[in-house]
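Colleague: Chains A and B are the protein sequences, given in the same order. Take the first sequence: its position 217, counted from the start at 1, is 216 in numbering that gives the first Met the number 0, and no numbers get skipped. Take the second sequence: its position 73, counted from the start at 1, is 72 in numbering that gives the first Met the number 0, and no numbers get skipped.
You may find that some hints are simply not true.
As the list claims (entries may be wrong) - In silico DSSO-like links for lysine-lysine, alpha-carbon gap of 30 Å or less:
| no. | chain 1 | residue 1 | chain 2 | residue 2 |
| --- | --- | --- | --- | --- |
| 1 | A | LYS74 | A | LYS109 |
| 2 | A | LYS53 | A | LYS126 |
| 3 | A | LYS109 | A | LYS126 |
| 4 | A | LYS105 | A | LYS75 |
| 5 | A | LYS106 | B | LYS266 |
| 6 | B | LYS165 | A | LYS75 |
| 7 | A | LYS109 | B | LYS165 |
| 8 | B | LYS164 | A | LYS74 |
The hints are simulated quantities; they were obtained by calculation from the structure and are not laboratory data.
Here is how the chains run, residue by residue.
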Amino acid sequence: MLSVNNLHVNYGMAQALRGVDLHVNEGEIVALIGRNGAGKTTLLKAITGLVKVKEGEITYLGQSLIGQPAHEIMKKGISHVPQGRQIFGDQTVEENLLLGAYTQIKKNPKQVQQQMEREYERFPRLKERRNQQAGTLSGGEQQMLALSRALMSNPQYLVLDEPSMGLSPLYVKLILDTVSQLRQEGKTILLVEQIAGAALSISDRAYVMSSGQVEMTGNSQDLLHDERVIRTYLGA
Amino acid sequence: MLQAIVSGLIVGSIYAIIAQGYYITYITTRTMNFGQGDFLMVGSLLGLTSLTTMMAAGINPLVALLITMIVISGLTAILGWGLERIAIRPLNNNFMSIAWILSTVAVSMMLRNIAMLIWGRNVIPFPSPFGNEVLRFAGVGITMHELFVAVCAILIMACLFIFLKKSMLGKALAAVAFNPDAASLMGINPRMMAILAFALSSVLAGIGGILVGPITNTAFYMGATLGLKAFAAAIIGGLDNPMGILIGGLLLGVIEQVIALGDSAYKDASAFLLILLVLIFMPQGLMGKKVKEKF
Ligand SMILES: Nc1ncnc2c1ncn2[C@@H]1O[C@H](COP(=O)(O)OP(=O)(O)O)[C@@H](O)[C@H]1O
Ligand SMILES: [Mg+2]
């Protein structure tokens, strides 16, 4: 349902993406792994309209996303949980969630309220802290909030950028379990992860990126046992 | 003395209204309309023309005033939208660049010249629709118009604070101010928010113009000092703190009037002395936030 063909993105003179091909089918979890600076974040930003594409094509449900601004792409049902969470730190937890439903709150206030209840059920901790300034939450709580905020618009498609970054093992497990759970709820997911082992074990397929290109791709189980992947990314 | 404080609070509340315009565009776009004072002048002169025309046609002064305020709000909103389109957006701004300062000043110069062509070079008296009656409370004289300014100021500030803190649009403005990329991932269009901010800022200037007219009278050059004083109020209060700006405006108004008791020649100088003192000792403004890390 999402396909990226021969994608090139530059930052000034620097080439961040050099001809990336990737596709994600409905209902899949696809993992994207690779070293720091490989271009993973840039690829996600290109998909959701946060960086300008120099060359190539991105299509979603048969429509081109090239040249569309982020706030329009989001309305097509693609939600992006950015790297570093990027919650609105000077607003409360509940205000952050409401902003996640910004495009729907006027049309369907009831539905938004229900979605908020669902998110509070998913992460009871958020409910306890609903009136707290989001900037004062712990890293794990902020990641829950970033995830829930992205889900408030009830998207079909989720793009997650290193949701486990900087979290304690307990929170890493909670977040990754939630990602698997979301697939059960019918979401299609593109997951960028530093913890390659965990990403490969919860995903169907994976892409390995390096220097702005796709270096390897295949079935996650196969990659998990691939010599080169083990040596470079699973760090023996 | 008490008289000076009361008059100071009245004038100060107008400074505060105009200065909130700087705040709104600053937090959303990190830019400001340096022609805010001239937008006020346009509001004032247009308001005067509209008011006198309607009153000459025999319309009740209060009705005429109400209609004028609505019309001026609409016109200045359009002016603000236009300013964002021609003087802010094309420049791809950040606060460090000075292009937006030059472009907004250029627009203000144009407005000033156009106003001079239309309304002439002379000071035009702005008769208050409430007449010249002075009410006395405990020895302090206050005109009906000043009372009206006080009521308007309270209403405007209350509406503004409720809008910024409680409405969804206000939350969206704050989100864009905090992190425009993250806001756009929520489906918020940062450009629409910039237009909204400039429109709102201009409306505040326009309404400020109608309120201040009967106090200072009107002329094509009236915007320069008033815009600067409102800017002073914003700097004193802290550009990112609407409550601080309100206090800054009131403080400035009172200090000015109290100093004018001694020698009115020092009235304007006192405003700028106050800014200097605040900038030297409290560069964040009286109530501005300390610079803080986002993550
Ligand atoms: N805003 C930017 N300006 C200039 N270069 C950037 C910017 N963001 C990323 N880069 C560069 O683009 C490359 C890819 O970065 P990124 O997509 O963040 O990689 P990853 O997410 O895989 O760590 C890196 O070399 C990085 O230095
Ligand atoms: Mg990254």
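Colleague: For each hint, tell me whether it holds in the structure or not.
Modeller: Hints, one by one, checked against the model:
The suggested pairing of LYS74 (chain A) with LYS109 (chain A) holds, with an alpha-carbon distance near 19 Å, which does not exceed 30 Å. Between the alpha carbons of LYS53 (chain A) and LYS126 (chain A) the distance comes to roughly 43 Å, so the proposed pair goes past 30 Å and is violated. Of the pairs offered as hints, the one joining LYS109 (chain A) and LYS126 (chain A) holds, with about 18 Å between alpha carbons and a cut-off of 30 Å not exceeded. The hinted pair formed by LYS105 (chain A) and LYS75 (chain A) meets the criterion: a straight-line CA distance of about 17 Å does not exceed 30 Å.
This hinted pair does not check out: LYS106 (chain A) and LYS266 (chain B) have alpha carbons roughly 53 Å apart, beyond 30 Å. In summary, the hint linking LYS165 (chain B) to LYS75 (chain A) is supported, as the alpha carbons are separated by about 28 Å, within the 30 Å threshold. Only pairs whose Cα atoms come within 30 Å are accepted, and LYS109 (chain A) paired with LYS165 (chain B) is accepted, the gap being roughly 19 Å. Annotation: proposed proximity of LYS164 (chain B) to LYS74 (chain A) holds, straight-line Cα distance about 25 Å (limit 30 Å).
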